[in-house]
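**Q** In order, the protein sequence lines correspond to chains C and B. According to the UniProt record's numbering, the first sequence is numbered sequentially starting from 1. According to the UniProt record's numbering, the second sequence is numbered sequentially starting from 1.
Some clues are possibly wrong.
Unchecked claim - Stretch-level coverage of chain C by chain B, calculated; a stretch enters the list once three of its residues show a Cβ under 8 Å from a Cβ in chain B:
1. 55-68
2. 108-116
3. 125-134
4. 162-169
What the hints assert, rightly or not - Negatives, chain B to chain C, calculated, CB over 10 Å:
5. Arg2
6. Val17
7. Gly25
8. Ala71
9. Ala74
10. Lys123
11. Asp126
12. Gly176
13. Glu178
14. Thr209
Read the hints as simulated data drawn from the structure, not as lab findings. Note that the Cβ used here is the ideal one computed from N, Cα and C, for glycine as well.
Protein chains: 2
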Amino acid sequence: MREEFQAELDEVSRLLVAMADEVRGLLSRATTALLVADKELGEAVISGDTAVNDLYREVEEKVYLLLARQAPVASDLRHVVTALHIATDIERMGDLAKHVARTALRRHPAVAVPPELAKVIKKMADAADALAAKISEVLAHKDAEKAAELERDDDIIDELHRGLFVVMLGAAWQHGVEAAIDGALLGRFYERFADHAVNAGYQLFYFVTGEQLVRS
Amino acid sequence: MREEFQAELDEVSRLLVAMADEVRGLLSRATTALLVADKELGEAVISGDTAVNDLYREVEEKVYLLLARQAPVASDLRHVVTALHIATDIERMGDLAKHVARTALRRHPAVAVPPELAKVIKKMADAADALAAKISEVLAHKDAEKAAELERDDDIIDELHRGLFVVMLGAAWQHGVEAAIDGALLGRFYERFADHAVNAGYQLFYFVTGEQLVRS
Chain C
1 MREEFQAELD EVSRLLVAMA DEVRGLLSRA TTALLVADKE LGEAVISGDT
51 AVNDLYREVE EKVYLLLARQ APVASDLRHV VTALHIATDI ERMGDLAKHV
101 ARTALRRHPA VAVPPELAKV IKKMADAADA LAAKISEVLA HKDAEKAAEL
151 ERDDDIIDEL HRGLFVVMLG AAWQHGVEAA IDGALLGRFY ERFADHAVNA
201 GYQLFYFVTG EQLVRS
Chain B
1 MREEFQAELD EVSRLLVAMA DEVRGLLSRA TTALLVADKE LGEAVISGDT
51 AVNDLYREVE EKVYLLLARQ APVASDLRHV VTALHIATDI ERMGDLAKHV
101 ARTALRRHPA VAVPPELAKV IKKMADAADA LAAKISEVLA HKDAEKAAEL
151 ERDDDIIDEL HRGLFVVMLG AAWQHGVEAA IDGALLGRFY ERFADHAVNA
201 GYQLFYFVTG EQLVRS
C-alpha cells in the first residue's frame, strides 16, 4: 500500500513538472511574439494553453483516485491535496502567458512594446523563466536552499517591475497613454506569473519533502 | 455517517459564505477609500484581509478533517475538494480588494481616480459587489437560473472594463500616463475580482447541488 501510494505521488510530481515545463515554453514563446510582433507564435501560445489545462485535469483525476483508493490521512493527506494547489498555480501561469500573447496580437502588426520597455520586459521574462525552471530543480534536489532561492528570484522580478514604471513615468516617455497601459498590464502579467511560480515552488518543496519552508 | 458528512459539508458552506461576505465588505470599503482618498479606510482593508485568510485556513482544516474522517469517494469526494477551490477563489478576491486599497494609499492624499474614471470604477465596483452577493444567493436558492446569472453579470463587468479604456484612450484624456496606468490596473483588479466570484459561484453551485453547470 505504502509503495503504491508513493508511486502514485511520484506520478503526480511528474505531471506537475510537465505542466511547469509547458507554461515555461508558453511564456517564452509569448515573450518572443510580443517583442517581434509574431502573429503565428502568439496564436500558438493561445492554442497551446489547452495542453496545460489537459494536464491540470490529469492531475486532478490522479489526486481524486489517490484520495479515493488510499484514503490518506494526516501529512499524507496534506501531501496529496498540495498537488492540487500547485496545479492551480501552474495552470494560472499558462493563462498569464496567454495574456502576454493576446497583448502582442492586439497590437499586431505593430510591436506592442516600445524599445525603452523591451529591455526591461525581456529581463522580466528571463527572470520569470528562471523561476519556472526552478520548479523542476526543487523536485530534483529536494533541498531547502534551492527552494529558498525562489524568494530571491522573485525580488529580482519586483525590482524590474518597479524599473518598468520608472521608464513609463519618466519625462523622456514619448509613447503616450496606450503603450503605457500595455506596459503596466504586461508588467503585472509577468509579475503574477512569477508569484505563482514562487507559490508553486514552495508548495512543491512541501510536496516532495513533507517539510514546510518558512517564507521570509 | 451520512448525516455527519452532510452536517460537516454544511459547516463548510457556512464558512465559504462568511468568506464571500468578508471580501464583499473589503471591496466595498476599498472602493470608497479609492474614490474619496480615505487613508484610514484603505488601511483597514489591508489589515482586514487577515480575517479572510483565517477563514480560508478554517475551510482548509475542515476539509482535511472531512477527508480524513469520512474518506469520501466518487461525487462526495469531488464535493469536498470543490470547497477548497471555492475558498481559493474567494481568498484571492480579498487580495484584489487589498490591491485597490493599496492604489488608493499610494496616491493619498490625492484621489487616484480622476472624475471621468470614477463613474466607471464605481459601476465596476457595484457590479463586482453584486457578483459577490450572488454567492450567498446561489447557496440559498440552489437553482441553476440564479447561478446562470453569474455569466451575465460578468458580461456587465467586461463591458464596463472596455468603457474604462475608451475613456483613458480618448482624445479628451487630460490626466497623463500615471493616472491611466492606475486606471488600467484598477480595471484589472475589479475584473479579476469578478472573474473569481463567477468561478466561485459556479463551483458553489456544484458544491450545493452536485450538478455541473455548463458555462456558455
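**Q** Could you run down the list of hints and mark each one as holding or not?
**A** Going through the hints against the structure:
Check result for the segment 55-68 of chain C against chain B: holds, 4 residues qualifying (beta carbon to beta carbon below 8 Å, three or more required). Coverage of the segment 108-116 of chain C by chain B is violated. Counting CB-CB distances below 8 Å, 0 residues qualify, and the rule asks for three or more. Here the segment 125-134 of chain C counts 0 residues with a CB under 8 Å from a CB of chain B, which misses the bar of 3, and the coverage is violated. Given as covered by chain B, the segment 162-169 of chain C passes the check, having 3 residues with a CB less than 8 Å from a CB of that chain where 3 are the minimum.
No beta-carbon of chain C is positioned within 10 Å of the beta-carbon of Arg2/B; the least distance is around 17 Å. Distance to chain C confirms Val17/B as a non-interface residue, since its nearest Cβ pair spans about 22 Å, more than 10 Å. Residue placement check: Gly25/B keeps its beta carbon more than 10 Å from all beta carbons of chain C (closest about 25 Å). Some Cβ of chain C comes within 10 Å of the Cβ of Ala71/B; the nearest lies about 4 Å off, and the non-interface call is violated.
Annotated as non-interface, Ala74/B brings its C-beta within 10 Å of a C-beta of chain C; the closest such distance is 7 Å. The beta carbon of Lys123/B sits about 19 Å from the closest Cβ of chain C, which is more than 10 Å, so the claim that it is off the interface holds. For Asp126/B, the shortest C-beta to C-beta distance to chain C comes to about 23 Å, beyond the 10 Å cut-off, and the non-interface label holds. Once the 10 Å rule is applied to beta carbons, Gly176/B is inconsistent with being away from chain C; the minimum gap is 8 Å.
A cut-off of 10 Å between C-beta atoms contradicts the statement that Glu178/B is not in contact with chain C; the least separation is 6 Å. Consistency note on Thr209/B: stated as away from chain C, and its beta-carbon is indeed over 10 Å from all of that chain's, at 19 Å minimum.
In summary, the structure is inconsistent with hints 2, 3, 8, 9, 12 and 13 from the numbered list given earlier, while agreeing with the others.
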